[in-house]
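Here the protein sequences line up with chains Y and V, keeping their order. Residue 4 is where the first sequence starts when you use the numbering used here, and the numbers rise one by one after that. Residue 4 is where the second sequence starts when you use the numbering used here, and the numbers rise one by one after that.
By construction, these hints were calculated from the structure, which means they are not laboratory data. All residues carry an ideal CB built from backbone N, CA and C; glycine is no exception. Please note that a few of the clues may not be correct.
To be verified - Calculated lysine to any residue pairs in the SDA-like style (CA-CA distance at most 20 angstroms, straight line):
no.	chain 1	residue 1	chain 2	residue 2
1	Y	Lys143	Y	His211
2	V	Lys139	Y	Gly260
3	Y	Lys139	V	Lys139
Claimed, not checked - Calculated Cβ distances over 10 angstroms to all of chain Y for the following chain V residues:
no.	residue
4	Pro34
5	Thr134
6	Gly233
7	Leu238
8	His240
9	Leu315
There are 2 protein chains.
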Amino acid sequence: MVLSPPYLLFIGDATDPLSIKMAKSVADWNPAACVGECKLPGCTVSTGCSPMSIQEGAKAGANTFVLGFANSGGIIDTAWIPTIIEAIEAGMHVVSGLHDKLTDIPEVVAAAKKHGKTLTDIRHPTTRFNTGKGLKRSGKRLLTVGTDCSVGKMYTSLSLANAMNKAGKKATFRATGQSGILVAGEGVAIDCVVADFISGAVETLSPHNDDDHWDIIEGQGSLSHPAFAGVSLGLLHGSQPDALVICHALNRSHMRGLPHYPQPTLEDVIAMTTKAASLTNPHVKVVGIAVNTSSVSEDDARQYCAKTSADLGLPCTDPLRFGVDSIVEQL
Amino acid sequence: MVLSPPYLLFIGDATDPLSIKMAKSVADWNPAACVGECKLPGCTVSTGCSPMSIQEGAKAGANTFVLGFANSGGIIDTAWIPTIIEAIEAGMHVVSGLHDKLTDIPEVVAAAKKHGKTLTDIRHPTTRFNTGKGLKRSGKRLLTVGTDCSVGKMYTSLSLANAMNKAGKKATFRATGQSGILVAGEGVAIDCVVADFISGAVETLSPHNDDDHWDIIEGQGSLSHPAFAGVSLGLLHGSQPDALVICHALNRSHMRGLPHYPQPTLEDVIAMTTKAASLTNPHVKVVGIAVNTSSVSEDDARQYCAKTSADLGLPCTDPLRFGVDSIVEQL
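Chain Y on its own, in the form it takes in the complex (with noise of 0.2 angstroms):
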């Protein structure tokens, strides 16, 4: 799955900012490929990039117009189509992470027809995958593992691959899910792939590349979640790690959407991943711990890195307070 940035990054009458976490990421992580956002009457949040409409979100030169949303249900919401069609009419390719499909609705598809003009719906791949071949390639791989679902990997990841980049060493980011994709441009939806073709998908999205060259894969799930432990394990054995960086969230009292599932110890979570890797790569090892400690303050959080560092032998940071050097130090 492959993107044509520059986005102009659609939020609508988004009031709530955990709703356009699809726009904020890319906003963030990638604000070059963004030329603008374009809001709806009645929009009470902001990416922090400049606001302006269709046209000019055109003549700033937009490639694709990206629904940014990552609303619950998925839903895309009829009131947005009219924008749509007049973000194609205008030029732009369009691109959307929700569970409903541009492709399903009519009028949008005739009017990208019209166009010439591509609908991406990034939870619905399309590729056709092989089934997974476990085989070595060159080059070296970083995985993002997670002590429970939505603490940080991605930011980890891009974190990682960045403060890489910035110390010389030839890394890229490989995105797994649908904001990373956006964030790089391209990448493979792992959890909306057929379940045969998970390890395989990987396989592919992270090929043979130079010996000193490293893979930042973005992790998704967690091996301790019973809904999406399968994803996860799936993507560790297509990604075959050499290195991981386990990612946690400080206070949360129990597994993302199951209050009846504690959290695991992230001494449990290392030894229960370096376990499974080996499969498919003995000679995996865990490299860091990344915390999310946004729920403390920073004379806290800076405590709890020093103690869980000291206590597992490992560094420990929250990559937005403190970076991510001293992980990088380890590769």
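Go by the hints and put chain V onto chain Y.
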């Protein structure tokens, strides 16, 4: 996915007995659901059912015309299309377990529409599942798990369900693959479900039940297989098994399709599967080992099973040669 027996089994011009696995499985395990088999000139194999024409099959009461093939490319041969249409015109639904879709063949779709018949592509589930919840359900569950793919998990599961029913216990076979679905008349092709919904689909397949009822859930893949471990883990957590039966094929030199991956030991598989399964059911127990011993003599098979049983402290049997009563006694 619910089918409408009885079936007329179509085996085309097949000459390789392995290529008609779908048809052979249902003929072996649910002969009452099969009115006969339908061949084209050149066919040299048989399911053991009576050969008959489409018209004879229709007269004998066939409700569904089954493409009995499991060829490696998953291809629907265009030479079969006139016969498929003839079956529809004779009043039958059509079922296929191939990768190619019946619903992609315009003339077949047109015939089905005209005659009000359904086309079911087992490998392309159309149900929208929920993500897994990991909540405990009433009733008991047994899952067959493999040291590798294609080691006899379906045959073992069906043997167990039959033996339990014969012994007066409440047990239901739950199909998770194309051949099993045909035998049971319902089920979910779990390796064809979108990755996010593997566990959720299995939760739907095996709902709440009587406290003394056992679901015997057909396993898929293997936690030790680099390509399919994700599917196996999702299936494990969706099943929340109380009991596991480890299925193994004797004298296999490497993982199926992957000459560079050795087979795991039974001890490894027991340890790894029990540990993983304990996330969703801390009381899980391995209750037996089912071995496909077809590569050795019956004497050698008996010796192997006796030694394995003594080594592991678990019943060990070849379901086809020696039955599964020793395992059923453990439940």
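How the hints compare with the structure:
Between Y:Lys143 and Y:His211, the direct Cα distance comes to roughly 9 angstroms. Compliance with the 20 angstroms bound is thereby established for this hinted pair. This hinted pair checks out: V:Lys139 and Y:Gly260 have alpha carbons roughly 15 angstroms apart, not beyond 20 angstroms. Distance check on the hinted pair: Y:Lys139 and V:Lys139 sit about 39 angstroms apart at the alpha-carbon level, beyond 20 angstroms; violated. Remark: the non-interface label on V:Pro34 is consistent with the geometry, its nearest Cβ contact in chain Y lying 30 angstroms away (cut-off 10 angstroms).
Under the 10 angstroms C-beta cut-off, the non-interface status given to V:Thr134 relative to chain Y is violated; the minimum distance is some 4 angstroms. With a least beta-carbon separation of about 3 angstroms from chain Y, V:Gly233 fails to lie farther than 10 angstroms from that chain, contradicting its non-interface assignment. At roughly 7 angstroms, the least C-beta separation between V:Leu238 and chain Y is not larger than 10 angstroms, which violates its mark as non-interface. Listed as a non-interface residue, V:His240 fails to keep its Cβ farther than 10 angstroms from every Cβ of chain Y; the least gap is roughly 5 angstroms.
Distance check for V:Leu315 against chain Y: the nearest CB is about 21 angstroms away, which clears 10 angstroms, and the non-interface claim stands.
Hint compliance for this structure: hints 3, 5, 6, 7, 8 are broken, all remaining hints hold.
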